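What follows is the residue order along each chain.
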Amino acid sequence: MATLLDFRRRIRSVKNTQQITRAMKFVAAARLRRAQERALAARPYALQIARVLRSTMARLENPQHPLLATRPVEKILVVVLTGERGLCGAFNSNILRKAMELFRANKGKKIVGLPVGKKSRDFLKKQGLEFAGEYVNVLARVEYSTAREISKTVTDLYASGEVDAVYAVFSEFKSVIAPNLVVEKLLPVESISEEAAAAGEAQVDYIYEQAEEYLLDRLLPRYVETQVLRAMLESSAAEHAARMTAMESATKNAGEVIEALTLHMNKVRQAAITREIIEIVSGAASTA
Amino acid sequence: MLPDAFELVVVTPERQLLRETVVEAQIPGAGGCLGILPGHAPLMTELGIGELTCRSAAGKETVHLAVIGGFAEVLSDRVTILAEIAEPAEEIDVTRAEAAKARAEKRLAAMAPEIDWDRAAVSLQRALIRLQVARKHTVSASNP
Chain A
1 MATLLDFRRR IRSVKNTQQI TRAMKFVAAA RLRRAQERAL AARPYALQIA
51 RVLRSTMARL ENPQHPLLAT RPVEKILVVV LTGERGLCGA FNSNILRKAM
101 ELFRANKGKK IVGLPVGKKS RDFLKKQGLE FAGEYVNVLA RVEYSTAREI
151 SKTVTDLYAS GEVDAVYAVF SEFKSVIAPN LVVEKLLPVE SISEEAAAAG
201 EAQVDYIYEQ AEEYLLDRLL PRYVETQVLR AMLESSAAEH AARMTAMESA
251 TKNAGEVIEA LTLHMNKVRQ AAITREIIEI VSGAASTA
Chain B
1 MLPDAFELVV VTPERQLLRE TVVEAQIPGA GGCLGILPGH APLMTELGIG
51 ELTCRSAAGK ETVHLAVIGG FAEVLSDRVT ILAEIAEPAE EIDVTRAEAA
101 KARAEKRLAA MAPEIDWDRA AVSLQRALIR LQVARKHTVS ASNP
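Taken in order, these protein sequences are the chains called A and B.
Anchor point for the first sequence: position 66 equals 66 in the working numbering, and the numbering is continuous, going up by one each time.
Anchor point for the second sequence: position 68 equals 68 in the working numbering, and the numbering is continuous, going up by one each time.
In case anyone wonders, no lab produced these hints; they're calculated from the structure.
The structure displayed is predicted, hence computed values, not measured ones.
Treat each hint with caution, since some may be false.
[Unchecked claim] What the simulated footprint calls covered on chain A by chain B, stretch by stretch (three residues with Cβ under 8 Å from a Cβ of chain B suffice, anywhere in the stretch; the number is not a length): (1) 34 to 42; (2) 225 to 232.
[As the list claims (entries may be wrong)] Here are some chain A residues the structure puts well away from chain B; computed CB gaps all over 12 Å: (3) 12; (4) 56; (5) 160.
Beta carbons are placed, not taken as given, at the ideal position from N, Cα and C, and that holds for glycine.
With the hints as constraints, model all of the structure from the sequences given.
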């Protein structure tokens, strides 16, 4: 039978946990706000560069570029973006499961990993994947230079024919409660040319200050960089959102546990008092 | 008929800096400065390091931005600037730019074989543009 003291101790410990989860929730909320702002601010650029690239490609008769070349896919590179730490609900495991799905779908092909985030690195290492590089502790403060570095690794591998397709697996920030897992094909850049054909952009004659090929050559790597940056920003916003919701429910849970424990403790206390009274009364009765 | 204004959008990978209806803009193209008026022929160019100026339709106010690298797409009613770096005059860190300028100048003056000449030259150019744009801001602030 648990004594009063045991209950007091347990309540205190749950209260401490609750304080921690509540603090983490507020921290996550503050970071989320910042991350969300950045993710939203980065969207116009991503949109515009995709549009400009599309219209440039649509105007070139036969766009030729190493990053556009399609080859039979034998070796794929997968960039997996997760968080650095746990305590954010199913955020990391959802992404990793998605990555596993992708690996299974590409069975028989050689898979090279490029983890971004500690959780992703640990997981891919356990899977025994070959790494093209690893980026840990970069998502807390997303920098354009990191995105550039990652995208350079990716484009170099692709252009040299080391890998035949590049995918990115990450969680997109949709809203605080609804994360959206995406597997995005980074390279070869193909979807945009299809879209352009469908859209049939107005075929106005352009003045090109530089040769079209030169511009394409500059635009494509930039486009990939933007995609990587966007993935990083989205992922970091989604992580904070996931952590915030997880900590919110943890705080609520702790509250419930405390309530139940307090109720129990009071019952035990009352039982003890009642017992004492009975003892006194029966003692008095026997001496009388 | 030609439009009498066009939409100018300036975006960097980090944020959208400007989305405004303007009547005139000067863009620092890689091959030289470009003046854009409404109804310009479609054009696509790489950007150099320079100053972007535009005059908005509403008032007579002008906006100055330091732009470093990127691309610009010009259509008759819309201009899109995809800048690598773009900073409005009031956000430029003058002391940092001064320091960068001094550093680059020192490097170039030293003419040491181990320094990256191109990089030093580019950073000097960046610093100069930042200072030039920042000066416009302080001037317009002191006598509005």
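Here is how each hint holds up against the structure:
Restraint check on the region 34 to 42 of chain A versus chain B: 3 residues with Cβ-Cβ distances below 8 Å, three needed, restraint holds. Only when three residues or more bring their CB closer than 8 Å to a CB of chain B does the claim for the region 225 to 232 of chain A stand; here the count is 3, and the claim holds. Non-interface call for residue 12(A) relative to chain B: holds, since the shortest CB-CB distance, roughly 46 Å, exceeds 12 Å. Listed as a non-interface residue, residue 56(A) fails to keep its Cβ farther than 12 Å from every Cβ of chain B; the least gap is roughly 7 Å.
Every Cβ of chain B is farther than 12 Å from the Cβ of residue 160(A); the closest lies at roughly 25 Å, confirming the non-interface assignment.
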